[in-house]
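Residue numbers (this note's numbering), protein chains in the order written: chain A, 4 to 251; chain B, 55 to 640.
Heads up, a few of these hints could be off.
[What the hints assert, rightly or not] In silico lysine to aspartate or glutamate, EDC-like type, Cα no more than 20 Å apart, as pairs:
| hint | chain 1 | residue 1 | chain 2 | residue 2 |
| --- | --- | --- | --- | --- |
| 1 | B | 421 | B | 465 |
| 2 | B | 375 | A | 80 |
| 3 | B | 389 | A | 220 |
| 4 | B | 389 | A | 34 |
| 5 | B | 375 | A | 140 |
| 6 | A | 120 | B | 80 |
| 7 | B | 473 | B | 59 |
| 8 | A | 126 | B | 147 |
| 9 | B | 376 | A | 220 |
| 10 | B | 622 | B | 313 |
| 11 | A | 120 | A | 237 |
| 12 | A | 126 | A | 141 |
| 13 | B | 389 | A | 85 |
| 14 | B | 529 | B | 465 |
| 15 | B | 389 | A | 35 |
| 16 | B | 389 | A | 47 |
| 17 | B | 529 | B | 545 |
| 18 | A | 219 | B | 379 |
| 19 | B | 473 | B | 115 |
| 20 | A | 219 | B | 386 |
| 21 | B | 529 | B | 504 |
| 22 | B | 375 | B | 395 |
| 23 | B | 498 | A | 111 |
| 24 | B | 200 | A | 117 |
| 25 | A | 126 | B | 80 |
| 26 | B | 376 | A | 140 |
| 27 | A | 126 | B | 163 |
| 28 | A | 219 | B | 395 |
| 29 | B | 376 | A | 34 |
| 30 | B | 389 | B | 358 |
| 31 | B | 353 | B | 512 |
| 32 | B | 398 | B | 379 |
| 33 | B | 375 | A | 220 |
| 34 | B | 353 | B | 313 |
| 35 | B | 498 | A | 50 |
| 36 | B | 529 | B | 544 |
| 37 | B | 200 | A | 111 |
| 38 | B | 529 | B | 508 |
It should be emphasised that the hints constitute simulated quantities derived from the structure, not laboratory data.
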Amino acid sequence: MTRTIRIECLRYHPETDAEPRLQAYEVPFTDDMSVLQGLQYIKDHLDGSLTFRWSCRMAICGSCGQMVNGVPRLGCETFLREFWPGTVRVEPLEHFPIVRDLAIDQSDFLAKLESVKPYLVQKAPPAGENTNLQAPEEMQAYYRYSKCINYLLCYAACPQYGLNPAFTGPAALTLLHRYNADSRDAGRAQRMPVVNQEDGVWGCTLVGYCSEVCPKDVDPARAVNQNKVNSTLDYFKHFLFPRAKEKS
Amino acid sequence: MQTVETDVIVVGAGGAGLRAAIAAAERAPQMRIALVSKVLPMRSHTVAAEGGAAGVTRREDSFDAHFNDTVSGGDWLCDQDVVDFFVRRCTGELEQLERWGCPWSRQADGHVNTRFFGGMSVQRTWFAADRSGFHMLHTLFQTSLKYPSIRRFDEYFCTELLAEDGAVRGVLCICIATGELVLLQAPSIVLATGGAGRVFRQNTNAGTVTGDGMGLAFRAGAALRDMEFVQWHPTCLPGTGILMTEACRGEGAILVNKDGYRYLQDYGLGPVDPWPRAKAMELGPRDRLSQAFWHERRKGRTLDTPGGPAVHLDLRHLGAKKIHERLPLITEAAKTFAGVDAVKEPIPVCPAVHYTMGGVATNVDCKAGLSGLYAAGECASVGIHGANRLGSNSLVEIVVFGRVAGESAAEHAGSASRKGISGAHLQSAERRVLEMLSNDRGEKLATLRDEMRDAMEDGVGIYRDDAGLRAACAKLASLRERHRAGVRLDDRSRAFNTEWLGAIELGFMLEVAQAMAHGALERRESRGAHRRLDFEPRDDAGFLRHTLARHAGEGAPRIDFRPVTITKSAPRERHYGGEGKKAVLT
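So that you can see chain A by itself, here it is in the shape it has in the complex (with noise of 0.2 Å):
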């Protein structure tokens, strides 16, 4: 049965608007359509300008994160019938800069990526083995946090990152504790002074929305608070071992 739902898009053109302003569609709609399959009949039948980033339309590339009635919610997997008879209101995801309508500027984002050194530092295998062994419960330390797809809508959540630009942020730090919780990994002394830093760990004042509106349950609220533990040992350690170097 098709249905018409009112959605409105927050737009902002940069090279034309000011301000940002809501511009609504009448959008014929079934029950498994999702909000950007909303977004895409606008953008083929009533208006080609409308801007946004989508790919797999399966909830795994992390395009096309987006405010949906003022919650960070991922667009093809939120479906419009949950919002009618009412209005669904789509906007870009909060506290990050405007490029154009839905779009935002992830270069931010991406910086912070970078500084946690994401990437195995590695130990070399067990000798007469091409591969690092792991056993499956070794793989429960950090495979959780190897789930994220970098939605963004945790820093959507982030009220802190909302004040403080500079915190590095629920998915940022979340990859940084998914290396070094990975037995395979050496590098946990080069990523503690990121985790230690104002802007790292100790920036979050555990709000928790980040792990609430993750869709994937990688839970980054748990993984920045076991690193204010491991922030702390590090903390006392200077003092006893002032040369100490990471186990590995």
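With chain A fixed as given, assemble chain B onto it according to the hints.
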């Protein structure tokens, strides 16, 4: 116009492009590498690959077995010298990914686990739950950050591959955020832009999979090979085409028709028992399974769903624990996009276009038909897939040949002479792309795009015939003309104009679609994924040859044939099902 001088340009930052960039950086640390992509690397379509990547590792496995599975799976259209090279490199590349941090699923003793896949005689597929592509892509992207010589051009769209005197010179790009044109110049260019599944209506592919690299190379004079071979994945959600990984069947799921009957036994894949066993029933190859669906539909034995006809993919007997541990992503996707709990209900599925076996023709060094041009991954046809790719060969292809392409490109850049692009050539390339923006005549983008997709579904589907293919060819020719006459854009501004990019992508897609349709018309036999109702048997005397499509300006492509390299496996009948031992799944 901003001009950037560099040594190696890699177009596309999915698995193949990232692997190529890393390989070039490792081979020649002093070289400058430009990694250009229309999306952020982690948005690339590699991210959506689910099942896994093939590499010989078990004691009972061998390179010969992987070779034979691949060559027979490809219905003998594979270049066997290249397959031989490939199977020997797979495991090393997957081990390298492990050492870079890829969280491959493990056995209890800490070694990497492997699973069955269709058409593979041994459990050979390395996997990371059913997020294998996602983890490979993020591992490669994050690892690439270690190399300061890799300079990323995120969200830069390539409009033209610039070549003169038979050699590449650079690429013209749009910086998407601002709409400014940027010229990148280098003596070596690697294309790693993925496939072209979006030329069809029902497909598993991301919106970005529009054949850009194939179109870029084709127009610049490189040949496209074997484009008529398009893979339908047999288990996708009807309507959206969202992929339900082959790993479901690798872990033991079954396919039944509307009567609850395991219909694959009627199509040369049985008998049913003993089950499971390699290369039989649900562990048959994708071409055979998608073709079986087509017949079931004709016989009226499929279910009607709102998204179209379907059969049932039944996982229930695997149990909740195994389903959640091995197949979490598709369980979630089935719930979200089809409203089905895979633990309790079967999933309605049907075939959808999944993979482009053909692509830019290259040799084993990934060298394409222009000096300095290399291609790897789905946009390339290096010769390993033949007429039908086996599941899990492409995820490993992107790292095996991504690396080769990166190394070849770096070596070439070290010795090649550097020449700039001529002013007149650059200006005409610039004019072509800007004209699309200023044009105020013509039809809407969505109209032309949707007509193309329908033409491909109708005429170039799982089964094809002369009349249908001719109709598709005629339709594509007229669509190209209408595209040339002008796409009427609502948006004429420069900053982040995705409608403009869509019109350029449609131009690539129409030409790639023509190569598919004309290749299919000329191939008057049935082989692998290419089935002709009017030329049913395989015809080795006439068509044990590659097709080669050459760009011919505004007209239809010219189709030639080239020999296939056969080294040690003489063509014989493809055989699946039959007798066999019951397999023990780990």
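Structure-based check of each hint:
no. : hint           : verdict
1   : 421/B to 465/B : 12 Å, holds
2   : 375/B to 80/A  : 25 Å, violated
3   : 389/B to 220/A : 16 Å, holds
4   : 389/B to 34/A  : 14 Å, holds
5   : 375/B to 140/A : 16 Å, holds
6   : 120/A to 80/B  : 18 Å, holds
7   : 473/B to 59/B  : 11 Å, holds
8   : 126/A to 147/B : 18 Å, holds
9   : 376/B to 220/A : 19 Å, holds
10  : 622/B to 313/B : 44 Å, violated
11  : 120/A to 237/A : 18 Å, holds
12  : 126/A to 141/A : 16 Å, holds
13  : 389/B to 85/A  : 16 Å, holds
14  : 529/B to 465/B : 43 Å, violated
15  : 389/B to 35/A  : 12 Å, holds
16  : 389/B to 47/A  : 28 Å, violated
17  : 529/B to 545/B : 27 Å, violated
18  : 219/A to 379/B : 15 Å, holds
19  : 473/B to 115/B : 49 Å, violated
20  : 219/A to 386/B : 10 Å, holds
21  : 529/B to 504/B : 12 Å, holds
22  : 375/B to 395/B : 14 Å, holds
23  : 498/B to 111/A : 36 Å, violated
24  : 200/B to 117/A : 9 Å, holds
25  : 126/A to 80/B  : 19 Å, holds
26  : 376/B to 140/A : 16 Å, holds
27  : 126/A to 163/B : 19 Å, holds
28  : 219/A to 395/B : 18 Å, holds
29  : 376/B to 34/A  : 31 Å, violated
30  : 389/B to 358/B : 19 Å, holds
31  : 353/B to 512/B : 19 Å, holds
32  : 398/B to 379/B : 16 Å, holds
33  : 375/B to 220/A : 18 Å, holds
34  : 353/B to 313/B : 12 Å, holds
35  : 498/B to 50/A  : 11 Å, holds
36  : 529/B to 544/B : 25 Å, violated
37  : 200/B to 111/A : 18 Å, holds
38  : 529/B to 508/B : 10 Å, holds
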